[in-house]
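Engineer: The lines below spell out each chain.
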Amino acid sequence: MVYCIGHNVISPLGEGSQANLEAVRAGRSGLRMYDHRFANVEPFCASLFDEPQAFVPLCIRSVEMAVSGQPALVSSKDTVFILSTTKGDNLDLWTPATAIAEHFGNPNPPVVVSNACTSGVCAQITAKRLLEAGKYKYAVVVGCDIQSRFIVSGFQSFKALSPEPCRPFSPERQGLNLGEAAATIIYTAEPKSRGWRLVAGSIHNDANHLSAPSRTGEGAFQCLTDVMVGASPADIGLLGVHGTATLYNDAMEQTAIERAGLQQVPVSALKPFFGHTMGAAGVLETILCMLQAERSFVKMLSGFGGVNAAIRMQCE
Amino acid sequence: MRVSHEIEITPSRVVLSGVPVAVSETGGKMLVELYRRYAGDYPKFFKMDTLCRLGFIGAELLLKQSGISSPVSAIIFANRSASIKNDNDYLATISEGNYYPSPALFVYTLPNIVTGEIAIRHHIQGETSFYILDNPEQLKPIVEASVNPDLTPSTCVLAGWCECSEADTFYAKLQIIWNN
Numbered sequence: 004m005v006y007c008i009g010h011n012v013i014s015p016l017g018e019g020s021q022a023n024l025e026a027v028r029a030g031r032s033g034l035r036m037y038d039h040r041f042a043n044v045e046p047f048c049a050s051l052f053d054e055p056q057a058f059v060p061l062c063i064r065s066v067e068m069a070v071s072g073q074p075a076l077v078s079s080k081d082t083v084f085i086l087s088t089t090k091g092d093n094l095d096l097w098t099p100a101t102a103i104a105e106h107f108g109n110p111n112p113p114v115v116v117s118n119a120c121t122s123g124v125c126a127q128i129t130a131k132r133l134l135e136a137g138k139y140k141y142a143v144v145v146g147c148d149i150q151s152r153f154i155v156s157g158f159q160s161f162k163a164l165s166p167e168p169c170r171p172f173s174p175e176r177q178g179l180n181l182g183e184a185a186a187t188i189i190y191t192a193e194p195k196s197r198g199w200r201l202v203a204g205s206i207h208n209d210a211n212h213l214s215a216p217s218r219t220g221e222g223a224f225q226c227l228t229d230v231m232v233g234a235s236p237a238d239i240g241l242l243g244v245h246g247t248a249t250l251y252n253d254a255m256e257q258t259a260i261e262r263a264g265l266q267q268v269p270v271s272a273l274k275p276f277f278g279h280t281m282g283a284a285g286v287l288e289t290i291l292c293m294l295q296a297e298r299s300f301v302k303m304l305s306g307f308g309g310v311n312a313a314i315r316m317q318c319e
Numbered sequence: 026m027r028v029s030h031e032i033e034i035t036p037s038r039v040v041l042s043g044v045p046v047a048v049s050e051t052g053g054k055m056l057v058e059l060y061r062r063y064a065g066d067y068p069k070f071f072k073m074d075t076l077c078r079l080g081f082i083g084a085e086l087l088l089k090q091s092g093i094s095s096p097v098s099a100i101i102f103a104n105r106s107a108s109i110k111n112d113n114d115y116l117a118t119i120s121e122g123n124y125y126p127s128p129a130l131f132v133y134t135l136p137n138i139v140t141g142e143i144a145i146r147h148h149i150q151g152e153t154s155f156y157i158l159d160n161p162e163q164l165k166p167i168v169e170a171s172v173n174p175d176l177t178p179s180t181c182v183l184a185g186w187c188e189c190s191e192a193d194t195f196y197a198k199l200q201i202i203w204n205n
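Protein chains in written order, with this note's numbering: chain A, 4 to 319; chain B, 26 to 205.
Incorrect hints may have been included.
For lysine-lysine, the following DSS-like pairs were computed, each having C-alpha atoms within a straight-line distance of at most 27 Å [as the list claims (entries may be wrong)]:
| no. | chain 1 | residue 1 | chain 2 | residue 2 |
| --- | --- | --- | --- | --- |
| 1 | A | Lys-195 | A | Lys-138 |
| 2 | B | Lys-69 | B | Lys-110 |
| 3 | A | Lys-80 | A | Lys-138 |
| 4 | A | Lys-140 | A | Lys-80 |
| 5 | A | Lys-162 | B | Lys-69 |
| 6 | B | Lys-72 | B | Lys-89 |
| 7 | B | Lys-165 | A | Lys-80 |
| 8 | B | Lys-89 | B | Lys-54 |
| 9 | A | Lys-162 | A | Lys-80 |
| 10 | B | Lys-54 | B | Lys-72 |
| 11 | B | Lys-110 | B | Lys-72 |
| 12 | B | Lys-54 | A | Lys-138 |
| 13 | B | Lys-69 | B | Lys-54 |
| 14 | B | Lys-198 | A | Lys-138 |
| 15 | B | Lys-89 | B | Lys-69 |
| 16 | B | Lys-89 | B | Lys-165 |
| 17 | B | Lys-165 | B | Lys-110 |
| 18 | B | Lys-72 | A | Lys-162 |
| 19 | A | Lys-162 | B | Lys-110 |
| 20 | B | Lys-165 | B | Lys-198 |
| 21 | B | Lys-54 | A | Lys-140 |
Keep in mind that the hints were calculated from the coordinates and are not lab data.
Construct all of the structure, not just a fragment, from the sequences and the given hints.
Structural biologist: Right, here's the structure in full:
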């Protein structure tokens, strides 16, 4: 078990976890139409920063806000930086990770998790493993992706983008919206008597198709089964879903949730507010779910490459 | 941790658990040569980008030689430059004046797709993870923490370095690692 000792979200909806929670509570969405943001790209609906952000400074700002009150932590040899991203800084993933760690004077090589849409959840599972194995005492998990002509054109070529704000789990859903954000969550292995802790984590591949989820939700189902060991559905207060609003993803998740017996649990699907923030999604949505929930909850994600991941968080 | 089998692939040399594998071609053509000789029944291979072909061939030879009966419980790969070779191929399809984005190329613009391809080929529904690191040494503590028998149910994992920066520039060192 590892313990959450700090977090931050920076998105087009606001700076800071609380500001983002309040935006969601007020029903504000970052999604809007963009006609001329990127050359050649057809108009698209997304949640983007008004002022284009540079990757590394955005990550640094998010970490600074997450560690406020404990600045010595980031430069410690007992701390590892874990970056979750799919496209990094203009397709480069390693250089920005070292730039972030070096900015904070951290002496350890950073770890970059690039596991498609599940990266943010997988990065937290990696943090849990490294801390529980005694490799480090603290893990700073930063999730970030910035939208680009590269990504938007690719998702348009997949015909995966919704022309309107996405509607997860609606029968009329038309696909996903892309988004950008940075989110940071800090974990420690040192036991804390109060607050949120990451209890269990699991990653499974559907072994079915590269870009389409399994019809039976096999990978997601196995993830849910793993993280539910020691808990019953009645213990779960909130289920944070991936909810991309593509036809197949949401159908797959629904199947997996029903197979795991979790269909009575309230669900949080946050992409109508933030879009699909890719490498940031798993971190951002964990933080928002923690703030939304008063009891324990399961967080689950799935993504391209047929890989699924889930974690269970609990609050004392 | 115990390594039972290992494969190393460079553009001109393949060594399987200490024994060189004879090849006549080099670079990307060598991967095709190995596919024809050791697999041959999986035409989807020809759709794959070089990173996926490299990992696919490595896993094919390694799993065949190891002869393990139950599938590996996890595939944990890493490299330094993610999916840059295929990213560049995709970029060519969205260049100014030649804008025709290719979904067939875009699907390979994630490094972890290689782990997905291997999972599909060998029906592995365990974990698939991909890390970006500076060098293969940095993967060791991650794999150690992932296969710790006290923490995870993993028994045997396929793990290693799988790097491809250009069509004929690649390096793989993959191992079968046991947690006992």
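Engineer: If a hint holds in the structure, say so; if it doesn't, say that too.
Structural biologist: Evaluation of the provided hints:
| no. | hint | result |
| --- | --- | --- |
| 1 | A:Lys-195 to A:Lys-138 | holds (19 Å) |
| 2 | B:Lys-69 to B:Lys-110 | holds (19 Å) |
| 3 | A:Lys-80 to A:Lys-138 | holds (11 Å) |
| 4 | A:Lys-140 to A:Lys-80 | holds (9 Å) |
| 5 | A:Lys-162 to B:Lys-69 | holds (22 Å) |
| 6 | B:Lys-72 to B:Lys-89 | holds (22 Å) |
| 7 | B:Lys-165 to A:Lys-80 | holds (18 Å) |
| 8 | B:Lys-89 to B:Lys-54 | holds (21 Å) |
| 9 | A:Lys-162 to A:Lys-80 | violated (46 Å) |
| 10 | B:Lys-54 to B:Lys-72 | holds (14 Å) |
| 11 | B:Lys-110 to B:Lys-72 | holds (15 Å) |
| 12 | B:Lys-54 to A:Lys-138 | violated (41 Å) |
| 13 | B:Lys-69 to B:Lys-54 | holds (16 Å) |
| 14 | B:Lys-198 to A:Lys-138 | holds (24 Å) |
| 15 | B:Lys-89 to B:Lys-69 | holds (19 Å) |
| 16 | B:Lys-89 to B:Lys-165 | holds (24 Å) |
| 17 | B:Lys-165 to B:Lys-110 | holds (25 Å) |
| 18 | B:Lys-72 to A:Lys-162 | holds (20 Å) |
| 19 | A:Lys-162 to B:Lys-110 | holds (24 Å) |
| 20 | B:Lys-165 to B:Lys-198 | holds (13 Å) |
| 21 | B:Lys-54 to A:Lys-140 | violated (47 Å) |
When each numbered hint is compared with the structure, violations occur for hints 9, 12 and 21.
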